[in-house]
Amino acid sequence: MTAYDVQPGDRVNPGDPVTVSRYTVAARINHWITAISLVLLALSGLALFHPALFFLSGLFGGGQSARAIHPWIGVVLFVSFFGLFIRFWRANLWRREDGTWLARLRDVLSAHEERLPEVDKYNAGQKAVFWLMSILILVLISSGFAIWDQYFAAYTTIEQKRFAVLIHSMAAVVIICVWIVHVYAAIWVRGTIGAMTRGQVTGGWAWRHHRRWLRKLVGKAG
Amino acid sequence: MAFNFELPNPATENVQVTLGEQDLVARSASSVPPPARQLTPVAKLIDISKCIGCKACQSACLEWNDMRQEVGTNHGVYDNPEDLTPSMFTLMRFTEWVNPETQNLEWLIRKDGCMHCADPGCLKACPAPGAIVQYSNGIVDFVHENCIGCGYCVKGCPFNIPRISAVDRKAYKCTLCSDRVAVGQGPACAKACPTHAIVFGTKEEMTQHAATRITDLKSRGFANAGLYDPPGVGGTHVMYVLPHADKPELYANLPKNPKISAVVELWKGLAKHAGVWAIGAFTAVGFLHHLVSGANRVSPEDEENAKRLTRSARP
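Quick mapping for you: the protein sequence lines, in order, are chains A and B.
Just so you know, we're using the working numbering here: the first sequence kicks off at 1 and counts up by one.
Just so you know, we're using the working numbering here: the second sequence kicks off at 1 and counts up by one.
So that you can see chain A by itself, here it is in the shape it has in the complex (with noise of 0.2 angstroms):
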């Protein structure tokens, strides 16, 4: 029986540096597509939701394109993410482990990786990142299809509508800021990239953030 979090493509090259294969190709596209989304979604709403960054709208054509454009890409980002889900879910089931991992958040940020349980694929963060995504997206499609007036304005209130326009755009700051946890931790840890980059990580990267994942793969390999 496979373990929740080896997941078809993950797999232990030997060599000198060893390299751990992280990500196929199809889940990199997926990814990159989730992600170029999130971003253009965020530059577009931000437009909408500050005076201050109105200007952003002109990265789209104007405030009328970047209006009409903004829900199309979260369609897009929805089904792109959605397949992000199905291929991540499984690999992100909360574990006793992460609780623990969790309360020595201290030792996570210090970088005292030694204090810390053995990890499997995912870390409780990048877990909680995975989760608060799926919510957070889910809460935004619904909130988001209920102020696209464009073809939806005749089946809601306009009092359901101030409370969806409300909830969209607080919705939307704790996913920009799950993003930057997400692309901060990304860029701290480094050899991190390289995943969704190449597909690939070092054997020494895997060893000493997500050892427990290599010791399953070290095993099937064997």
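Don't take each hint at face value.
Unchecked claim - No more than 30 angstroms apart at the CA atoms, straight line, and that leaves these computed lysine-lysine pairs for BS3-like: (1) 55/B - 259/B; (2) 216/A - 307/B; (3) 220/A - 307/B; (4) 218/B - 256/B; (5) 259/B - 272/B; (6) 218/B - 50/B.
To be verified - Derived DEER-like restraints, expressed as beta-carbon distance ranges: (7) 32/A - 72/B: 44 to 54 angstroms; (8) 25/B - 28/A: 50 to 60 angstroms; (9) 93/A - 77/B: 55 to 65 angstroms; (10) 2/A - 312/B: 18 to 28 angstroms; (11) 17/B - 32/A: 47 to 57 angstroms; (12) 193/A - 276/B: 21 to 31 angstroms; (13) 72/A - 291/B: 34 to 44 angstroms; (14) 25/B - 107/A: 48 to 58 angstroms; (15) 246/B - 155/A: 29 to 39 angstroms; (16) 311/B - 2/A: 15 to 25 angstroms.
It is worth saying that the hints were derived from the structure and are not from the lab.
Don't be surprised by glycine CBs; every beta carbon is placed ideally from N, CA and C.
Given the coordinates of chain A, assemble chain B onto it according to the supplied hints.
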């Protein structure tokens, strides 16, 4: 009282434009310098007790604004069209009501349209700089070249007035004939009204005129007659004389105490500021953390350990 019901005919020479950019007191999603002069606040007064439901105001509105309302279908009521539309800025709403005190059938006809609030919810909600403006005489106007068609004004408005055009995706509503007022005329609807149910002048004149109308109505048995100038939106520059001012809802659901929704206030107040602040704070904390703790790098020992582990699995 020196107040003329008849609006003067337009001057044909030496027309002075007395309303412009310099008279703005508010501009959506942007700020304006305080105006050098204060124009006299104006108001349109709609005396419901004098309205005969002829719809001359609707026709005059369409004509002046050069709009064409598509021929519709009869929905079994006098309202025509059924609702405000992007081309129909004003609408007579007909209500049949049996007064429980007198058992009389009363035909209540309210001319619906933008109220030109002193505290306009549409302007507060609008994200497009300069798409909604407010002049110091009280007129709230939509500037279509700046409108992005998001529909936020619809959510901001406590009276359900703005309508988004399916043709150009821009919001439309009554302008209080700002272009006519700018050259010293009154709104087209007031000019056309055959019974002087719609009159236009300074807000002070209109309030005084309303008072005489209310006295008259009270003497005719309408004990609750009164002026509708709701304070929840800072007062309005379109006011009604209501024979039953204690029950404004009778008049096709005219709100009793309209104000900008608390949800809209939260969205355009705390949420807007806290949101941008939170995003900034997360970014700043990221930079600070990297500055203080440095990169989290994989060490040569980690690579060595990985190699040993891999080798151990392969006999």
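How the hints compare with the structure:
For the suggested pair residue 55/B and residue 259/B, the alpha carbons sit about 28 angstroms apart, so the restraint of at most 30 angstroms is met. A distance of roughly 15 angstroms separates the Cα atoms of residue 216/A and residue 307/B; the hinted pair therefore holds under the 30 angstroms criterion. Restraint check: the Cα-Cα separation between residue 220/A and residue 307/B comes to about 16 angstroms, which is no more than 30 angstroms; the hinted pair holds. Distance restraint check for residue 218/B and residue 256/B: the Cα-Cα separation of roughly 20 angstroms lies within the 30 angstroms cut-off, and the hinted pair is therefore satisfied.
Taken as a hint, the residue 259/B and residue 272/B pair is honoured in the structure, with Cα atoms around 20 angstroms apart against an allowance of 30 angstroms. A threshold of 30 angstroms between alpha carbons decides the hint, and for residue 218/B with residue 50/B the separation of about 14 angstroms falls inside it, so the pair holds. Here the CB-CB span from residue 32/A to residue 72/B is close to 50 angstroms, well matched to the stated 44 to 54 angstroms. The hinted window of 50 to 60 angstroms between residue 25/B and residue 28/A holds, with their beta carbons roughly 54 angstroms apart.
Residue 93/A and residue 77/B have their C-beta atoms about 59 angstroms apart, which keeps the hinted 55 to 65 angstroms range intact. Restraint check, residue 2/A to residue 312/B: a C-beta distance of roughly 21 angstroms satisfies the suggested window 18 to 28 angstroms. The beta-carbon spacing between residue 17/B and residue 32/A, approximately 55 angstroms, falls within the hinted interval of 47 to 57 angstroms. Restraint check, residue 193/A to residue 276/B: a C-beta distance of roughly 28 angstroms satisfies the suggested window 21 to 31 angstroms.
For residue 72/A and residue 291/B, the Cβ-Cβ distance of about 39 angstroms falls inside the hinted range of 34 to 44 angstroms, so the restraint holds. With their beta carbons about 57 angstroms apart, residue 25/B and residue 107/A fall inside the hinted range of 48 to 58 angstroms. For the pair residue 246/B and residue 155/A, the supplied restraint of 29 to 39 angstroms holds, since their beta-carbon distance comes to about 35 angstroms. Between residue 311/B and residue 2/A, the C-beta spacing of about 23 angstroms keeps the proposed range 15 to 25 angstroms intact.
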